[in-house]
Structure formats: C-alpha cells, structure tokens
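A.B. asks: Straight run, no breaks: the sequence shown in our numbering ends on number 185.
Treat the hints with care, since some could be wrong.
[Unchecked claim] Below, computed lysine-lysine pairings styled on DSSO-like, alpha-carbon distance capped at 27 angstroms:
id, residue 1, residue 2
1, Lys110, Lys88
2, Lys42, Lys101
3, Lys93, Lys110
4, Lys42, Lys166
5, Lys88, Lys166
6, Lys88, Lys101
Derived by calculation from the structure, the hints in this document are not laboratory data.
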Amino acid sequence: MPSPRAILYDPKENPFLHVISRCVRRGWLCGEDPTLLKKHRKNYDHRRQWIVDRIDRLSQAFAVDIAAYAVMSNHYHLVVFVDVERAKNWNIKQVLLHYCKVFEVHPWVKSYLDPDNFHTLTQMQIQWVEETANTIYRERLYSISWFMRSINEPLARLANAEDQCKGRFWEGRFKAQALLDQQAC
Numbered sequence: 001m002p003s004p005r006a007i008l009y010d011p012k013e014n015p016f017l018h019v020i021s022r023c024v025r026r027g028w029l030c031g032e033d034p035t036l037l038k039k040h041r042k043n044y045d046h047r048r049q050w051i052v053d054r055i056d057r058l059s060q061a062f063a064v065d066i067a068a069y070a071v072m073s074n075h076y077h078l079v080v081f082v083d084v085e086r087a088k089n090w091n092i093k094q095v096l097l098h099y100c101k102v103f104e105v106h107p108w109v110k111s112y113l114d115p116d117n118f119h120t121l122t123q124m125q126i127q128w129v130e131e132t133a134n135t136i137y138r139e140r141l142y143s144i145s146w147f148m149r150s151i152n153e154p155l156a157r158l159a160n161a162e163d164q165c166k167g168r169f170w171e172g173r174f175k176a177q178a179l180l181d182q183q184a185c
C-alpha cells in the first residue's frame, strides 16, 4: 500500500527536491511533433517560454527557489529548494501580497491590503483575513504541491486551447524525489 506524501517528504528535514512533470497522450511540450506528417507538423518551441516565465513568476511568489530546470520535448525537470523558514518569517501582509501574485482572493483580503478601504472592514473580517493568511495561505506558499499545481494547471489550459482539445495535458501528478546529499544538489 502506498505511503502518504506527508510521511515520505518533510520540507523541514530535507528542502531539496527533484521534480518531474510529463505530458500525456503523446503530447508535445516543446519542439516539433515527429508523429505527424512533415507538412502537418507543428512546432511547440514557444511553450518552453511559457514554462520558463511561469516558473520565474511563481518562484517570486512562493517560498520555493529554483536551483535548476530543464524543459524537454514532453516533460520538464526542476530542482527546487523549499524554504519553509522564509515563509514562516513573513508577516501577514507579506503572506497576502505573495499569495495575491498568483491566486484570486476574497474581497476582504483586497480591502485589508488597500489602505483606503481597510477601515471598511469589521473586526471579525480582519480576524478572518489574518487567520486565513496565517493558516491556509502561508502553508500553500511553501507547499510543493501548490507550487506544481500553479505551474501545470494554467499551462495545461493554454496547451489544450492551442491543440483545440479537452482533457488532461499532464500525466497524472508530478513526480518528486528528495535530493539527499550535496552531490545530488
């Protein structure tokens, strides 16, 4: 029986991971699709830039540093450093600002961050925003699962729209392997 990921990986114990995400249905992430006839071949090299831009944007929002990456024809690799302590040291406002860079938030959060609208919030609303930031948003900002979800989901939507199809673009969940020694990093 498989073990839960929480047992397999503890970012506080070992923050370095090698992560892989692979395309499904013989999909092409980058390069030219050799399965089609020469005159019908499509070139997907522009998707490489989608991935690089997305990784760059998310590494600025999350407490996840990118040590290395490689974008291949049907998958990509990341070597990441999950910096839990950095996320835990952010104050409430920093957590909210980082979270807002990637995700849509409740209107109360927007009011909390806006000095002109902060006074419109009740004490209960302020407490809700602060508790949500402290418990939910902060944990998501150092979660490798949320990081990978934030890379893969938008890219899948773009690729599916370009390919004019529906369904999965990625082969299930990403694969992650802890890097246990200095040579692996």
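A.B. asks: Against this structure, judge whether each hint is valid.
C.D. replies: Evaluated hints:
This hinted pair checks out: lysine 110 and lysine 88 have alpha carbons roughly 22 angstroms apart, not beyond 27 angstroms. Between lysine 42 and lysine 101 the alpha-carbon distance is near 33 angstroms, which puts this suggested pair outside the 27 angstroms criterion. For the proposed pair lysine 93 and lysine 110, the alpha carbon gap of about 11 angstroms is at most 27 angstroms, so the pair holds. For a cut-off of 27 angstroms, the pair hint linking lysine 42 to lysine 166 stands: about 18 angstroms separates their Cα positions.
With a C-alpha separation of about 39 angstroms, the suggested pair lysine 88 and lysine 166 falls outside the 27 angstroms cut-off, and the hint is violated. At roughly 18 angstroms between alpha-carbon atoms, lysine 88 and lysine 101 fall within 27 angstroms of each other, so this suggested pair holds.
Hints 2 and 5, counting from the list given before, are not met by this structure.
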